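*Asks:* Residue-level listing of the chains:
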Amino acid sequence: MILARVVGTVVATRKDPRLEGKKLLVVKPIDPSGKDEAGYLIAVDTVSAGFREKVICVSGSSARMAGGCKDCPVDTAIVGIVDSVEIS
Amino acid sequence: MQLGRVVGNVVCTIKSDPLEGKKLLVVQPLDKQGKDTGKPLIAIDCVGAGAGETIYWCRGREASMPWYPEQEVPTEAAIVGIVDEVHLG
Chain A
0 MILARVVGTV VATRKDPRLE GKKLLVVKPI DPSGKDEAGY LIAVDTVSAG
50 FREKVICVSG SSARMAGGCK DCPVDTAIVG IVDSVEIS
Chain B
0 MQLGRVVGNV VCTIKSDPLE GKKLLVVQPL DKQGKDTGKP LIAIDCVGAG
50 AGETIYWCRG REASMPWYPE QEVPTEAAIV GIVDEVHLG
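Just so you know, the protein sequences line up as chains A and B, in that order.
So that you can map any letter, position 29 of the first sequence is 28 in numbering that gives the first Met the number 0, and since no number is skipped, the others follow by simple counting.
So that you can map any letter, position 83 of the second sequence is 82 in numbering that gives the first Met the number 0, and since no number is skipped, the others follow by simple counting.
I should point out that these hints are in silico values taken from the structure, not numbers from a laboratory.
Treat the numbers as computed from the prediction; the structure is a model and nothing was measured.
Among the clues, some could well be false.
With the Cβ distance kept under 7 Å, some of the chain A side facing chain B (calculated, not the full set) [as the list claims (entries may be wrong)]:
{"no.": "1", "residue": "Thr-45"}
{"no.": "2", "residue": "Ile-55"}
{"no.": "3", "residue": "Ser-61"}
{"no.": "4", "residue": "Ala-65"}
{"no.": "5", "residue": "Gly-66"}
{"no.": "6", "residue": "Ser-83"}
{"no.": "7", "residue": "Glu-85"}
{"no.": "8", "residue": "Ser-87"}
No residue lacks a Cβ here, since even glycine has one placed at the ideal position from N, Cα and C.
Work the whole structure out from these sequences, hints included.
*Replies:* See below:
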């Protein structure tokens with residue numbers, strides 16, 4: 000799983016029926032100190048994350064195990080809203 | 000599976016239901032000599048690992064197997080062992 004920050008939303012009218020009612024967010028991967036990393040991902044939100052919030056994203060086939068994503072065409076899901084990251 | 004070192008932890012109040020009560024740790028992947036390689040990632044701990052410990056972790060869908068079939072845990076990285084020693088031939 001990776002840390003990321005929510006940077007936008009995606010609106011799609013025409014989509015796979017199994018994606019209907021799911022919130023799609025644009026997330027930017029970040030390192031544990033909060034610095035932006037290269038690239039971005041479109042993720043299905045399962046925890047009602049908001050703009051600029053730090054989140055945990057799960058990718059690959061495990062993303063389908065996130066709440067409400069069973070058998071959906073999803074490869075990245077937001078599964079947690081981060082309160083804090085401690086680096087020792 | 001790969002070697003890694005626990006470098007921190009993540010606290011999340013709001014999370015997916017199957018993640019409740021699970022420890023989320025920041026893992027720095029290591030190469031076979033024990034040097035840092037690649038970017039840190041978040042993994043679920045299922046062996047009671049602590050900060051600074053060398054561990055091995057698995058990635059992909061198999062990472063959710065420690066809890067399967069009782070729970071379907073959405074994770075693609077899990078800490079599945081604590082390393083005592085690595086011997087290279």
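*Asks:* Given Glu-85 (chain A) was flagged as interface, is its beta-carbon under 7 Å from a beta-carbon of chain B?
*Replies:* Cβ of Glu-85 (chain A) sits 5 Å from chain B, so the hint holds.
*Asks:* Closer than 7 Å between Cβ atoms is the bar; does Ile-55 (chain A) clear it against chain B? Give me holds or violated.
*Replies:* With a closest approach of 6 Å, the Ile-55 (chain A) hint holds.
*Asks:* Return the status of the interface hint for Thr-45 (chain A): holds when the least beta-carbon distance to chain B is below 7 Å, violated otherwise.
*Replies:* Holds - the Cβ of Thr-45 (chain A) comes within 7 Å of chain B, reaching about 6 Å at its closest.
*Asks:* Measuring from the C-beta of Ala-65 (chain A) to each C-beta in chain B, is the shortest one below 7 Å?
*Replies:* holds (4 Å)
*Asks:* The hint names Ser-87 (chain A) as touching chain B; please verify it with the least Cβ-Cβ distance against 7 Å.
*Replies:* Holds - the Cβ of Ser-87 (chain A) comes within 7 Å of chain B, reaching about 4 Å at its closest.
*Asks:* Going by Cβ atoms only, is Ser-83 (chain A) closer than 7 Å to chain B?
*Replies:* Holds. Min distance 5 Å.
*Asks:* Under 7 Å is the threshold here; is the Cβ of Gly-66 (chain A) close enough to any Cβ of chain B for the hint to stand?
*Replies:* holds (5 Å)
*Asks:* Is the shortest C-beta separation between Ser-61 (chain A) and chain B less than 7 Å?
*Replies:* This hint holds: Ser-61 (chain A) lies near chain B, its Cβ roughly 4 Å from the closest one there, short of 7 Å.
In terms of the numbered hints stated before, the structure departs from none.
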